[in-house]
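**Q** The primary structure of each chain is shown beneath.
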Amino acid sequence: EADIYQTPRYLVIGTGKKITLECSQTMGHDKMYWYQQDPGMELHLIHYSYGVNSTEKGDLSSESTVSRIRTEHFPLTLESARPSHTSQYLCASSRDTSYEQYFGPGTRLTVT
Amino acid sequence: GIQVEQSPPDLILQEGANSTLRCNFSDSVNNLQWFHQNPWGQLINLFYIPSGTKQNGRLSATTVATERYSLLYISSSQTTDSGVYFCAVEHNDYKLSFGAGTTVTVRA
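Respectively, the protein sequence lines represent chains A and B. Those letters in the first sequence? Residues 1326 to 1437, per the numbering used here, in order. Those letters in the second sequence? Residues 3 to 110, per the numbering used here, in order.
Take these hints with a grain of salt, some might be off.
Straight line, CA to CA, 20 Å or less: simulated EDC-like cross-link-like pairs of lysine to aspartate or glutamate [claimed, not checked]:
{"no.": "1", "chain 1": "B", "residue 1": "Lys97", "chain 2": "A", "residue 2": "Glu1425"}
{"no.": "2", "chain 1": "A", "residue 1": "Lys1356", "chain 2": "A", "residue 2": "Asp1421"}
{"no.": "3", "chain 1": "B", "residue 1": "Lys56", "chain 2": "A", "residue 2": "Glu1388"}
{"no.": "4", "chain 1": "B", "residue 1": "Lys56", "chain 2": "A", "residue 2": "Glu1381"}
{"no.": "5", "chain 1": "B", "residue 1": "Lys97", "chain 2": "A", "residue 2": "Glu1367"}
{"no.": "6", "chain 1": "B", "residue 1": "Lys97", "chain 2": "A", "residue 2": "Glu1381"}
{"no.": "7", "chain 1": "A", "residue 1": "Lys1356", "chain 2": "A", "residue 2": "Glu1381"}
{"no.": "8", "chain 1": "B", "residue 1": "Lys97", "chain 2": "A", "residue 2": "Asp1355"}
{"no.": "9", "chain 1": "B", "residue 1": "Lys56", "chain 2": "B", "residue 2": "Glu69"}
{"no.": "10", "chain 1": "A", "residue 1": "Lys1382", "chain 2": "A", "residue 2": "Asp1328"}
{"no.": "11", "chain 1": "B", "residue 1": "Lys97", "chain 2": "A", "residue 2": "Glu1404"}
{"no.": "12", "chain 1": "A", "residue 1": "Lys1382", "chain 2": "A", "residue 2": "Asp1355"}
{"no.": "13", "chain 1": "B", "residue 1": "Lys56", "chain 2": "B", "residue 2": "Asp83"}
{"no.": "14", "chain 1": "A", "residue 1": "Lys1343", "chain 2": "A", "residue 2": "Glu1388"}
{"no.": "15", "chain 1": "A", "residue 1": "Lys1382", "chain 2": "B", "residue 2": "Asp95"}
If you are wondering where the hints come from, they were derived from the structure by calculation, not from laboratory data.
Turn these sequences into a full structure, and let the hints guide you.
**A** What follows is the structure, encoded as structure tokens:
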């Protein structure tokens, strides 16, 4: 069973605020990913990491940034939130590429 | 990038019915996963199945990699099976590409 956690689960915040979405996994997985999903739509990869100090942008352009200082932790930061950032953000991890990805419960972000 | 098409987009079932969901993809794949997204947004892993056939209770899946499709079978559907089912594939770029999903509604 995968152990991957995201906090907060829900967040309502005003325009211009800085926010950090947390993602942690206890499986020792090297590969971690952030996806963005609008209601009823498919998931789009926005960031990924192959290990500590490795971060790459995904297929969907995003104004967010990520860091990977520790294997188990992959936070996502928005410096100045806007209503267009309203979405669900899902974190995932895997033992290696081409291996099964496991997802956290997601963070539903609303920017007013 | 690789294209992933899921059909049908929507499916309404009576409790107890069987159904088949399809996933077509445009290139060879190293990874293929089926997920169920529950009403709270959580993605639940159903199958990791880049090829072959697997079964887990009332669910089973088959991937025919040479013909570039995968099928997810739901037998004796229950109301708890409702939700969105996603197929996701990885070609050779180490990233999962998702289909648009099939929304399943099981009525009691």
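**Q** The structure should be examined with respect to each hint, and the outcome stated for every one.
**A** Hints, verified against the model:
no.: 1; hint: B:Lys97 <-> A:Glu1425; result: holds, 11 Å
no.: 2; hint: A:Lys1356 <-> A:Asp1421; result: holds, 6 Å
no.: 3; hint: B:Lys56 <-> A:Glu1388; result: violated, 40 Å
no.: 4; hint: B:Lys56 <-> A:Glu1381; result: violated, 33 Å
no.: 5; hint: B:Lys97 <-> A:Glu1367; result: holds, 14 Å
no.: 6; hint: B:Lys97 <-> A:Glu1381; result: holds, 11 Å
no.: 7; hint: A:Lys1356 <-> A:Glu1381; result: holds, 11 Å
no.: 8; hint: B:Lys97 <-> A:Asp1355; result: holds, 14 Å
no.: 9; hint: B:Lys56 <-> B:Glu69; result: holds, 18 Å
no.: 10; hint: A:Lys1382 <-> A:Asp1328; result: violated, 24 Å
no.: 11; hint: B:Lys97 <-> A:Glu1404; result: violated, 26 Å
no.: 12; hint: A:Lys1382 <-> A:Asp1355; result: holds, 17 Å
no.: 13; hint: B:Lys56 <-> B:Asp83; result: holds, 18 Å
no.: 14; hint: A:Lys1343 <-> A:Glu1388; result: holds, 12 Å
no.: 15; hint: A:Lys1382 <-> B:Asp95; result: holds, 13 Å
Against the hints set out earlier in the document, violations occur for numbers 3, 4, 10 and 11.
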